[in-house]
Amino acid sequence: MTTVEFLPLAFRNIRRNRMRSMVTLAAIAFGAAAIILAGGFFQDTFLRMREGLIHSHLGHIQIYKRGYWDQGTARPFEYLIESPKPVVEALGSLPNVQLITPRFSFSGLLSTGENTVSVMVQGVNPDGEVRLRRIEGIPHADTGLAILEGTDLSNDDPFGVLLGQGLARATRLSVGDSVIILTNTVAGSLNAYDFTVRGLFASPSKEFDDRGLRMPLETAQRLLRTEAVESLIVLLRDTRHTESVLAQIHHGMAETYGIEAKAWHELADFYNRVVALYRRQFVVLIAIIAVIVVLSVFNTVNMSITERTREIGTIMALGFRPSEVRRLLLLEGLLMGIVGGVFGLLLGTALAHLLSIVGIPMPPPPGGTVEWRAAIKVVPELLLMAFGVATLSAFFSSWYPARRASGLVIADALRHT
Amino acid sequence: MSLIQAQSLKKLYRLGKTVVEALRGVDLSIEEGEFTALAGPSGSGKTTLLNLLGCIEVPTEGVILFDGIDIGRLTASQKADFRAENIGFVFQTFNLIPVLTAFENVEFPLLKKNLSRTQRHKRVEEALEAVGLAQLGRHRPDELSGGQRQRVAIARALVGRPRVILADEPTANLDRQTGLQILEIMQDLNQRYRTVFVFSTHDTMVMNLARRLIHMRDGRLIAKGPQP
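Going line by line, the protein sequences match chains A and B. The numbering of the first sequence is the working numbering, which starts it at 1 and goes up by one. The numbering of the second sequence is the working numbering, which starts it at 1 and goes up by one.
Please keep in mind that the hints were generated in silico from the structure rather than gathered at the bench. Positions of the beta carbon are idealized from the N, C-alpha and C atoms, including for glycine.
Now the stretches of chain A that chain B is said to cover, found in silico as 3 or more residues with beta-carbon under 8 angstroms:
| no. | region |
| --- | --- |
| 1 | 9-15 |
| 2 | 316-325 |
| 3 | 403-414 |
Label-pair distances were calculated between CB atoms; the ranges are:
| no. | chain 1 | residue 1 | chain 2 | residue 2 | range |
| --- | --- | --- | --- | --- | --- |
| 4 | A | Thr-417 | B | Thr-204 | 22 to 30 angstroms |
| 5 | B | Arg-176 | A | Thr-417 | 20 to 28 angstroms |
| 6 | A | Ile-292 | B | Arg-176 | 54 to 62 angstroms |
| 7 | A | Tyr-400 | B | Val-19 | 25 to 33 angstroms |
| 8 | A | Ala-287 | B | Asn-114 | 39 to 47 angstroms |
| 9 | B | Pro-41 | A | Ile-292 | 47 to 55 angstroms |
| 10 | A | Glu-5 | B | Glu-143 | 22 to 30 angstroms |
| 11 | B | Arg-176 | A | Arg-18 | 37 to 45 angstroms |
| 12 | A | Arg-18 | B | Asn-208 | 45 to 53 angstroms |
Extracted from the complex, chain A is given alone in its bound form (with noise of 0.2 angstroms):
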């Protein structure tokens, strides 16, 4: 007797009370839904803070002079890339690399007259920082820096500086202010120029937004006094080409230019933690899930097993063996999984499918300042979690009642009324 002999009688079992089939049914494929929908929300979260992250101020990888890692934190103007053109024109002949923006971080002093603050300074290419930030392919998000007030930084205006908007906060600066920056040169001497504030900003990260001020990258180099750069931030074409282009950087350039290089992810220590915990707590949700499922599943199968016993007996005194009884049960249970697993796919995808289009407002993520617009980010492997936990719940919470019927005493069986 082949488990395919059974498919015809296992699913005319399922339609015998419809109503209570199609409730069990209602519950798996909202089961399956919920995990679609849950799962594929937390999926769009994890795209939004890593493409946010990346494009304000991350990039995929980031280049540095090899030694920075280990000393240049104390020590930052000693692990300088002196000449950046011929790595970035080594960089550029990279396949997937979109862009090679240089960049000059730094420590400084802002006064306003008033107070003086210590604020983190960037000195960023002005063109190349416009293209960086610019988000394509994500529903509801365009920015991965925001421009909140003013005007974004200009060649044309050396002078003319963004601050994050909690920084501006703090010292109470608006568009139009004007600011002095002082810092210490390459040299170790101290210079200080004026600048007006240009515009404010908002990025995924609140604690860059509190401290963080951006310049060009020129004016910051004249502040310094050096044409060095302290970094170069690689943007490549899509976020899943990181690892081979950086696989290539250290194995064919590393070592010719005497560079290091760091992917986002490394440099990501708060994304990684919200992300193994929402992982985490997507986990427990699948098991509260399965369990409901389960529930709803053995009810169902209990219930119409303690009605059919007459007919189980009548079946095993037909011949059929204990293990078949139970593997007919069990069909029926995995059927009911399968068939509940299909319908929650279908609900999951097209309700993703509606919510991404309208866009759930959402309150500042964890470490960052703006609102935001959710999506539902379906992905193949939350389709195949969904149906997979649906139809293994369906299957294994006919175990038990499937066991019962197949130990059954025929005799007993046939007496039931």
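Chain A is fixed; fit chain B onto it per the hints.
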């Protein structure tokens, strides 16, 4: 040698603290080709004896030899295979599977056997023909009368070509005329295929049609009747 030999069969049921003796030491032999009725009032042990002979219940004491095989020693799976091969059942309440058509009900026991779909269908058609229901194969049990349902049940019992068909009160739920028709079909099949029929009844008309009549009372055989 007899086809079935039952020796010193006893069957006790525990109902809470009470022990009910359903069979109190039954010795019986059934030969090839018999058409035998077990007669007796309710509670006399007819159904229990049929259950033991059909290997769907285990005796508390005693041995049943079927063609020399001690069926009490078989495992649950071996018993299932044994039933599929040798025993057909007809129940008082027909016990058809309601979601299957008459044809599918008859075909169901054949799924156990290593037969092609064509072979199965041929056998089902023959069985339905034998009980006069060739035209009603596509009907579900709830679309059939009591007599028709019992005929489907007989076809189902017959289709696997068992050596013995055990029928527990096969006419009890039928009117007199239909009951008579069912008995005639059983008689015809017994003569045509030499299939042994052992059926329980407390209906005099049915008893009169049996070639061997065994009387039971209080778990004992009180008259075994002449073997044919």
